[in-house]
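Engineer: For any residue, its number in my numbering is found by taking its place in the sequence shown, counting from 1, and adding 125.
Because the hints were derived from the structure by calculation, they are not lab data. Just so it is clear, the structure is predicted and the values come from calculations on it, not from any experiment. Glycine included, each C-beta is placed from N, C-alpha and C at the ideal position. There's no promise every hint is true.
To be verified - FRET-style restraints, in silico, Cβ to Cβ: (1) 409 x 432: 25 to 33 Å; (2) 441 x 482: 35 to 43 Å; (3) 410 x 323: 44 to 52 Å; (4) 356 x 396: 58 to 66 Å.
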Amino acid sequence: RQLRDDNALNISCDARLNEPLSAHCHNPAFLRVKLRAVTRHLSRVLCRRSLALGQQYSSLGSQPFLCSTIPGLVPKQLRFCRNYIEIMPSVAEGVKLGIQECQHQFRGRRWNCTTIEDNLAIFGPVLDKATRESAFVHAIASAGVAFAVTRSCAEGTSTMCGCDSHHKGPPGEGWKWGGCSEDAEFGVLVSREFADARENRPDARSAMNRHNNEAGRTTILDHMHLRCKCHGLSGSCEVKTCWWAQPDFRMLGDYLKDKYDSASEMVVEKHRESRGWVETLRAKYAFFKHPTERDLVYYEGSPNFCDPNPETGSFGTRDRTCNVSSHGIEGCDLLCCGRGHNTRTEKRKEKCHCIFHWCCYVSCQECVRVYDVHTCK
């Protein structure tokens, strides 16, 4: 019956297949038909087998993409993969982007977003708990998927989406619309359909994950901005062409890291509804500001991550490099959890005494410098 419905819709929708997809995001039937119609004319996309939360994202494009070989997908995600296979490499790249940003943001903390190779749960048991760390990972990964899909559309690497032509408005004084405005709404839609597909249970953890996923995606929409390019003789900038652009992903990571630091602690409440018992979240402290859709939420405390603990997923901080001159969390006192630190000298080869030669190259010497390296006991 679904196939008959799709074919009937194709009769009226084929003429519109070249229209921007964002114009019909409110129509799920049209969205489904358009994506399938485009996909029928594509060769199978190439990528690595380990799309689902793995460490091999950097080799996208090296092997035939088979949705059935991706571990860990729930049925709805598997259907999404098969129907919208052309954008799956961008989804994988977005998850990879989120993991890399997580590791950057937490590089100096006791938990540094460590991943485990060849393991479906690449963060180990850490994400099993409803902690701040889980909240951040869900938010940054969801934002990464939306970001990567949006960028892929703007770069023209996908035929099922493109530039955004619906949110321009009148041009300003001294500039006009040009370039390719990035369609972040489409990227957010893809992220919502894929990332939230496994969060359909009526329990507190699904409610928390959905909230944090949406908080990550909303960050992109909130920080869309005009990016302009000057035109004119000798860089006079007589006229500027401008387009809507996403922020740098590092800025999104910084923003969500601030949200991690100020995340709202919640408590779980149970309600009886027609479908049975449903768990919801309520702010634990009424005298604090109620969390908005842009805030991160959690309801379980984090381990201290000082010592290795297989049950919590903590790797401990032994042998971690610390900053002896810092009094912050990356400093040896806090990062090493009061155990003290060791110091060793390390020789590094670096370029030095560089000279610019006309025209046009730079020559450098190679110097050996000695550094003190401090690691936790």
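Engineer: Taking the hints in turn, state whether each one holds.
Structural biologist: Hint check:
Residue 409 and residue 432 have their C-beta atoms about 27 Å apart, which keeps the hinted 25 to 33 Å range intact. Separated by about 51 Å at the C-beta atoms, residue 441 and residue 482 break the suggested range of 35 to 43 Å. For the pair residue 410 and residue 323, the supplied restraint of 44 to 52 Å is violated, since their beta-carbon distance comes to about 30 Å. Between residue 356 and residue 396, the C-beta spacing of about 59 Å keeps the proposed range 58 to 66 Å intact.
Checked against the numbered hints listed earlier, the structure breaks hints 2 and 3; every other hint is satisfied.
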